[in-house]
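Undergrad: For reference, the chains in residue letters:
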Amino acid sequence: MDRRVVITGVSVLSSLGDSPAVLSTALCEGRSGLNLVESFSTDGLVCHQAGEIRSFAPEIYLGERNLRALDRTSRLVTAAATLALDDSGWSVERRRRCEVGVVLGTMFCSVHTISEFDRRGLVLGPKNVSPMDFANTVINAAAGQVAIWHDLRGVNSTIAGGITSGLQAIAYATELIRSGQETAILTGGAEELCFESFHGFARAGWLCAADHAAGECPIPFDARRNGFALGEGAALLMLEDANAAAARGATVWGEIKGHGTAYDVSRGTVGVQAVEAIARAMRLAVHDAQIRADDIDCLSASANGSVLGDRYEAQAVAAVLDGQAASLPVTAIKSMLGETLGASGAMQTVSLLEAMRVGVLPGIRDLECLEPDFPLAMASLQNQRLDLCCGLVNSVGLDGNCCALVVARCDDR
Amino acid sequence: MLGHTMGAASAIEAAVCALAIRHDCIPPTMHLEEPDPACDLDYVPNAARAHTVRVAMNNAYAFGGNNSSLILKKCEA
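Line by line, the protein sequences give chains A and B. No gaps in the numbering here: position 259 of the first sequence is 259 in the numbering used here, and each next residue is one more. Count along the second sequence from 1, then add 1000; that gives the number in the numbering used here.
Derived by calculation from the structure, the hints in this document are not laboratory data. For every residue, glycine included, the Cβ atom is placed at its ideal position computed from N, Cα and C. The reader is advised that the hints may include incorrect statements.
What the hints assert, rightly or not - Label-pair restraints from in silico Cβ distances:
| no. | chain 1 | residue 1 | chain 2 | residue 2 | range |
| --- | --- | --- | --- | --- | --- |
| 1 | B | VAL1016 | A | GLY125 | 35 to 41 angstroms |
| 2 | A | GLU99 | B | VAL1016 | 49 to 55 angstroms |
| 3 | A | GLU99 | B | HIS1031 | 55 to 61 angstroms |
| 4 | B | VAL1055 | A | LEU45 | 56 to 62 angstroms |
| 5 | A | ASP2 | B | MET1057 | 24 to 30 angstroms |
| 6 | A | VAL307 | B | ARG1022 | 41 to 47 angstroms |
| 7 | B | ILE1071 | A | ALA204 | 39 to 45 angstroms |
| 8 | A | ILE60 | B | GLU1033 | 32 to 38 angstroms |
What the hints assert, rightly or not - Which chain A residues stay away from chain B? Per the calculated CB distances, all over 12 angstroms, these:
| no. | residue |
| --- | --- |
| 9 | ASP43 |
| 10 | VAL138 |
| 11 | THR158 |
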């Protein structure tokens, strides 16, 4: 029989705080992490806001030495790992005796570092490219850096599946533990905000537009929505074999019950196919969790303000819940954090675990008017005080990837 | 013979292992004239060797510290 996989530690670095409790409080107070971008110019673009971590100071978590070799994504991941390892009780001494793996989800790792490498070569000539930047141009740079920094000697994998990267990383790590290949894995996702990805998404027409009648309106499920705002951050979970966690007396946040993944080959251009792929991922997750769809107490939606993406997700949830979607409590935290890409699924999972712990599901900031015939009637501006035992996390990519995760609460905390 | 094909390397090697099992033939390491005494293994230099291959191990070691091994076994159907 497969092993059960439990969550023994979590961490989050976001524009709204650096702990699940601080993030949850901010979300429930309806505070927004979205602000005018400070770290680069958005002149000439239609969007000017993002969920930027303005105050991020890696030395708080990592000390001041040896930071130079780490780019911003690696710093986010390595700092988040410090917090998750502390939370889970995996001390330096324990890590010396037992192997911990890393499975990290990221969409770009650092397109900024790649661009800096190119820029230096173009400006100063190819002989002057930076070997330090070169080492960080690979998409698994952050996973390697965090393992080196924290002495994590188990599996070291990077999952690149666009927005779904973080959730797919959790799913893969779950399978490695279920199969008995690994006992403990630090997993989740990370993404930095940078000039290059911001301009790329802006030029591709994905970002919320100030020239729209509603202004920049990245509000999930709102009828006025006109695109998403970008964000950045990292969220990690320590996953462990349930028996091993119990043997060491670990405190347990919750359990990964199931996951599912599907791909929409139309990449959102054919509505029926997009809805079917999102629904298939959710059905696979429910099946893997060995529950019924109506056992799900709440949904952390992937919705980010995209006009079509949000609608397809809502229709898919309605299809899977077969008439009960109207009574499903829904949160969509990208209304306050922005679209954090490869980090988003993990940030939703950590946020949902905290919501389950405190019994409050955050409302959707600035949500005023749902579309006519919108199937998720419980998507609300208001926080909902609920007894949440089992939650579904959705992650829907721009590239056709769809992933869903079922998590259950444990009452250790 | 192929150079280091980076991310593709171990997948190409896995395919070559499968062919070695299928054909009972170990492809050689070309141009291996002076084996390093510190690398003391039974290499197959410069010419393929006919050999019954029931099980093959494929190793991959990366610059960044990653290590991975895959074992392929002949199907005895």
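Undergrad: Run every hint past the structure and note whether it holds.
TA: Hint check:
Hint check: VAL1016/B to GLY125/A, Cβ distance near 39 angstroms, so the stated range 35 to 41 angstroms holds. Remark: the range hint 49 to 55 angstroms for GLU99/A to VAL1016/B is contradicted by a beta-carbon distance near 30 angstroms. For GLU99/A and HIS1031/B, the Cβ-Cβ distance of about 38 angstroms falls outside the hinted range of 55 to 61 angstroms, so the restraint is violated. Remark: the range hint 56 to 62 angstroms for VAL1055/B to LEU45/A is upheld by a beta-carbon distance near 58 angstroms.
Look at ASP2/A against MET1057/B: about 27 angstroms separates their beta carbons, and that is inside 24 to 30 angstroms. Roughly 52 angstroms separates the CB atoms of VAL307/A and ARG1022/B, a value that falls outside the hinted 41 to 47 angstroms. The hinted range of 39 to 45 angstroms is satisfied by ILE1071/B and ALA204/A, whose Cβ atoms lie roughly 44 angstroms apart. Take ILE60/A and GLU1033/B: their Cβ atoms lie about 56 angstroms apart, and the range 32 to 38 angstroms is violated.
For ASP43/A, the non-interface assignment is confirmed: its Cβ lies about 38 angstroms from the closest Cβ of chain B, beyond the 12 angstroms cut-off. Residue-level check failed: VAL138/A sits 7 angstroms from the nearest beta carbon of chain B, not beyond 12 angstroms. The non-interface label for THR158/A is inconsistent with chain B: the shortest C-beta to C-beta separation is roughly 10 angstroms, within 12 angstroms.
Comparing the model with each numbered hint stated earlier shows that hints 2, 3, 6, 8, 10 and 11 do not hold.
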